[in-house]
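Engineer: Residue numbers (our numbering), protein chains in the order written: chain A, 1 to 325; chain B, 1 to 53.
These are calculated hints, taken from the structure and not from any lab test.
Think of the CB as a built atom: it goes at the ideal place given N, C-alpha and C, for glycine as much as any other residue.
Treat the hints with caution; some may be incorrect.
Listed next, the in silico PhoX-like pairs over lysine-lysine satisfying Cα-Cα at most 25 Å (straight line) [as the list claims (entries may be wrong)]:
1. LYS17/B x LYS102/A
2. LYS41/A x LYS18/B
3. LYS17/B x LYS41/A
4. LYS232/A x LYS158/A
5. LYS299/A x LYS232/A
6. LYS102/A x LYS303/A
7. LYS284/A x LYS299/A
8. LYS299/A x LYS102/A
9. LYS232/A x LYS294/A
10. LYS41/A x LYS102/A
11. LYS18/B x LYS102/A
12. LYS303/A x LYS232/A
Covered stretches of chain B (in silico footprint by chain A; criterion: 3 or more residues with CB under 8 Å from a CB of chain A, positions within the stretch not fixed) [said to hold, decoys possible]:
13. 19-25
14. 35-44
Take a look, some chain A residues computed to stay more than 10 Å from chain B by CB distance [unchecked claim]:
15. TRP36
16. PRO106
17. VAL129
18. ASN135
19. VAL137
20. ALA140
21. GLN163
22. ALA170
23. PHE212
24. GLU287
25. VAL290
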Amino acid sequence: MTPAAHAVAADDRGDIASPLSPLSVATDDISTARDWLMMLKPRVMTLVVYSGLAGLLVAPGHIHWVVATAAIICIAVAAGASGAINMWYDRDIDAIMRRTQKRPIPAGRIAPDEALAYGIVLAVTSVLVMGLATNWVAAALLAGSIAFYVFIYTMWLKRRTPQNIVIGGAAGAFPPLIGWAAVTGDVTLMPWLLFGMIFLWTPPHFWALSLFAHADYERAGVPMLPVVSGAKETRRQVMLYTVALVPFTLLPWLLGYTGLIYGISAAVLGLGFLYSSWRCLNDKQDEAGVSLTKDAPAKSTFKYSIYYLFVLFGALVVDWLVMAV
Amino acid sequence: MTELPHLTLAESQALAKKRRGRNIAMLIALVSLCVLFYALAVVKLAGKMGTPG
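The task is simple: from the sequences and hints, build the whole structure.
Structural biologist: This is the structure we're talking about:
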C-alpha cells in the first residue's frame, strides 16, 4: 500500500496519517447514501405518499400546508422504516430470491443490526413528529400501520399462509386513513371506504405479479398463492377480488361523499380492471394451469392495477377540487 | 487479532467518495429536519397567537 493511500484513508478517519497504520474497512464503510435510501423501498413509498395525500386532501376541514407537508413526510418515513425493518427480518430469504439478492443487507453493504436500528429510529421519529405536528389519532394510526406491517405481515403471516397478502395488505391501506385523521383528528366512514379500496385492490394486484414471479418465492419457501394452490386458483382469486373491488369503489359516490367525476371514473376504470382480470382468468393454459402465453394477461393485469389505483385516487382528488370551487 | 485489509489508493479514494456522499446525505436530512421543525413551530405559535383567551 502506498503512503498516499494511507494518508487519504487515515485522514478520512481523523487519525494521524502514518504509513504504518492499517486500514479497517467495516461494513458501514462499504454502504453508500443510495443504499440507505434503497432500504426505505422508495417505489412502495410513492403509492403510500400518493394515497396518504389523497386522504389528506379530501378530508373536510383546514390544515396549514406546513403541517400537511410534515404529515406526508411522516407517512413516507414511516413506510420507509417499515420497509427497512422488513428487509432486516427477511434478509435470509432476500439472499435466496433473485429479485432481492442485490438489496444492501444480503449484498453485505449494510450490517443487519444497523438496518434494524435505522428502521426503529425512523419509525419512532415519524410517529412522534406526526403526533406533535398534527394530532395523536393520526400518530396512533401511523404507529398501528408500522406495527401491522412489521409484526402481523412480515413476522407472522408472510411465511405461514398464502393469505398473507390479503391480511397484510391492510398495512398498505392505512395511508388515506392517516391523511384524513391528520386533518380531522377522527376517522369516519369515508376514510374507511378509502382503506377498503386499497385493501381489496392489493390481492389482485399482487397475485397478478406472483403469477409470473412465483419462482423466487418458491425457492425461498414463501407460501404465495400460486406456489401453494397453483396458477389456476390464483387467476380465479384475482377475478373474485376484482369483482368485489369494483362495486366497492362506487360506494363513495353512491353514498354521496363524491361527485360524478369520481363516480364515472371509478365505473370506467373498474370495467377496465374487470376486463383485464377476465383475460387473465381465461389465459391459454395447460391442464396444470401453466400459461402458454408467458403470462402476458397477468403481466398486463399487474400493470393495469397500478395505473388503476393512481387514476382512481387522482379522480377522487380532481372531484374534490371541482366540488370545492 | 484479525489482520486488517490494506487498501490501494484507488480503493481509498472510492471509500472517501462514499463517505462524503453519506455525509452530504446526512447533512441534507438534518438541515431539512431543522427547517421542518422551525416551520412547524412558527405555524403552531402563529395559530396560538390568533386564538383568544
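Engineer: Beyond 10 Å from every chain B Cβ: check whether that's true for VAL290/A.
Structural biologist: 45 Å, holds
Engineer: With 10 Å as the threshold, tell me whether ALA140/A passes as away from chain B on beta-carbon distances.
Structural biologist: Consistent with the label, ALA140/A stays out of reach of chain B, its closest Cβ about 19 Å off (over 10 Å).
Engineer: Given the hint that LYS299/A pairs with LYS232/A, test it: the Cα-Cα distance must not exceed 25 Å.
Structural biologist: 15 Å, holds
Engineer: Within 25 Å, alpha carbon to alpha carbon, are LYS284/A and LYS299/A?
Structural biologist: Holds: LYS284/A and LYS299/A sit about 14 Å apart, inside 25 Å.
Engineer: Minimum C-beta separation from PHE212/A to chain B exceeding 10 Å: can you confirm that?
Structural biologist: Given a closest Cβ separation of 35 Å, the condition holds.
Engineer: Was PRO106/A rightly flagged as not at the interface, with every chain B Cβ beyond 10 Å?
Structural biologist: At roughly 19 Å from the nearest Cβ of chain B, PRO106/A sits farther out than 10 Å, so the non-interface label holds.
Engineer: Is the Cβ of ALA170/A farther than 10 Å from every Cβ of chain B?
Structural biologist: 29 Å, holds
Engineer: Confirm or reject the coverage of the segment 35-44 of chain B by chain A under the rule of 3 or more residues with a beta carbon closer than 8 Å to the chain's beta carbons.
Structural biologist: With 5 residues in contact (Cβ-Cβ under 8 Å with chain A), the coverage given for the segment 35-44 of chain B holds.
Engineer: Within 25 Å, alpha carbon to alpha carbon, are LYS18/B and LYS102/A?
Structural biologist: Distance of about 18 Å is within 25 Å: holds.
Engineer: Can you tell me if the segment 19-25 of chain B counts as covered by chain A, using C-beta to C-beta distances under 8 Å and a minimum of three residues?
Structural biologist: holds (count 5)
Engineer: Tell me if the straight-line CA distance from LYS41/A to LYS18/B falls inside 25 Å.
Structural biologist: Measuring from Cα to Cα gives roughly 20 Å; hence the hint holds.
Engineer: Given the hint that LYS17/B pairs with LYS41/A, does the C-alpha gap stay at or below 25 Å?
Structural biologist: 24 Å, holds
Hints 15, 17 from the earlier list are contradicted by this structure; the remaining hints agree with it.
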